[in-house]
Amino acid sequence: MYRYDEFDAAIVADRVAEFRAQVERRLSGQLTEDEFKPLRLQNGVYLQLHAYMLRIAIPYGTLSSHQLRRLAEIAERYDRGYGHFTTRQNLQFNWPSLVDVPEILEKLAEVEMHCIQTSGNCIRNVTADHFAGVAADEVEDPRPTAELVRQWSTFHPEFAFLPRKFKIAVTGSPQDRAATMVHDIGLVIRRHPDTGEIGYRISVGGGLGRTPMIGRVIRDFLPKRELLAYLEAVLRVYNAEGRRDNKYKARIKILVHETGLEEFRALVEAEYARLDGPSVDVGDQERARIAAYFAPAALQARPQAQAVLDRAAARDAGLAAFVANNLFPHRVEGHAAVTVSLKPIGAPPGDATADQMRAVADLADRYSQGEIRVSHEQNLILPHVALDDVPALYAALGKAGLASANAGLITDIIACPGLDYCALATARSIPIAQAIAERFADPARQAQIGAVGLKISGCINACGHHHVGGIGILGLEKNGIENYQITLGGDPGLDASIGERLGPGVAAEEVPDVVEALIALYLTERQSPAERFTDVVRRKGVAFFKPALTQTQREPSDAAA
Amino acid sequence: MSKPDTIILPAILLANDLRSGAVVFRTKADGWSRDAALALVAETQEAAERLKGEALAAVNRNEVVDAYLVDIAEGVWPPRPNHFRERRKITGPSAGPHAVLTE
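So the sequences go chain by chain: F and W.
Residue numbers 1 to 561, in the working numbering, belong to the letters of the first sequence in order.
Residue numbers 1 to 103, in the working numbering, belong to the letters of the second sequence in order.
Everything labelled a hint here was simulated from the structure, so no lab data went into it.
Quick reminder that beta carbons are idealized off the backbone N, C-alpha and C, glycines included.
A portion of the hints provided could be inaccurate.
[To be verified] Computed from the model, here is a short list of chain W residues facing chain F with C-beta under 8 Å:
| hint | residue |
| --- | --- |
| 1 | V59 |
| 2 | P78 |
| 3 | R80 |
| 4 | F84 |
[Stated by the list, open to error] Covered by chain F, per the in silico footprint, the following chain W stretches (three or more residues, Cβ under 8 Å):
| hint | segment |
| --- | --- |
| 5 | 31-45 |
| 6 | 87-95 |
The following block holds chain F by itself, in its conformation from the complex (with noise of 0.2 Å):
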């Protein structure tokens, strides 16, 4: 993992005590609150619908156990026992006073920790692959390129007042688990076709919020070592030529559209060919001592393992299910990457108690070498386990309430705060995945059904990712009453496709009942499971699943929410 140098140390000791001082200004009435508003929000710290919330960075979804550990403890002295991990990787406590906040803000930083650039019109936590270091199939591991684009990307003076937030994702396997089409800017690592050569494939334009847009590519392959120089042209043309004057026509992907991508490619190329490159890039010293943070894990080739493992998973079906859904093939034989799922039946997707916190902490300890990722899907991830801990592993998970072995199927289900918490939401998120998860609560459906990628969003914001669904649900007012619009056929991988409405919406009661017949329909037209969802919407086009609405709405209800 990446540790903090000196001035890394001091940036964030200084931001701290700026921030403290800040606070009691507006304590003691110096600030306004519209004076305070920016300044708090370059702190991470919202106003929402029933209290302050602190969202705080995780670069890349990494974690050591001492930091999940200082989390936990955050979220048991300052806030109310839990925290949300969310679609950015990051976690958010939706109850601290606002007096307590530069307190935090110390026992962050003692961790190398902090909320920094985490809201505001600047460029946002970069996320990752969260098999970072483990696929099989990553042709390098994309997070020395997040820190490194993370370093430059913090406090970058040119780049504080952009028009519109700014969010960039790396990914560095072929298979994208970082959603980067769906970014202002992503980042695929890849190898020149002809030299072989390291480098990036550069996409731009993406990104979801009232008008989604799939990322284009600006460039096929940007050699690794002009990256930053070439993310400073984009951004220069961006901050110059992006809109400012609408908040809701300013992110990068309406410029590149209302450009057109030669034109706003030729901007940037000239940007780029005018700034001097050699005082933006880095060197390869400095990017191998980034790299060297990141050495793959000090791991072992276990060969019998997997048999270990078998043995156990033929004695117990639970085991054998957590196995078959919740472990990902690691790089070094005999080893997994474990998801330790937050969607327990029932529960707010992304929550975890602070005890569950601790738990993860002292497991990631015992088996994966003390990291932690959290994915974009709002798991956790214990990336280094071997094959023969996993049945050790899965009845310590199952003491904590973690071992919930639905990764990846229908009730694992993205949704974001949602009128619960947030200021911003039009409709509920949380009751509605908790909902459709009990529905499909019973493990022998769910695997039947196999991979749906149900998110949900409580707003057009699109928090919860639900354009890239397979089915997506957005939550919104209708009349004065919680209405719900279907999509179809999202996926957020390379590719990415925005899914297209299923019809009107529906009532927040009716929407597990149109998932039910959703499903129904996907199970009698798929050829084969390994025929995703969002596959047979490709085939068949959304009409083919029309009747899943016409036949489940009810009578209009005078129920209101």
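Got chain F; can you put chain W on it based on the hints?
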């Protein structure tokens, strides 16, 4: 000349406490309380305008943030906002460890 906005009545004044962020209600005693049952209810346009003025003054005094009037159902006590967003705001989340299952 445009007519002044009509406030839907009856209405109460909601805000978040500056220091804690907690949802608070303007009370009959010219203070703020977390207890909805203590909320001052504006039954007339004049009373509602006064509450609006108090909202601005309280924000300027740095007592609260995000203060605004909320219309409530008639004849229901403690007050029940007409819109589901504000009902949720005053009752708390409907899901999670601190769920409030009823409104």
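So which of those numbered hints doesn't the model satisfy? 2, 3 and 5
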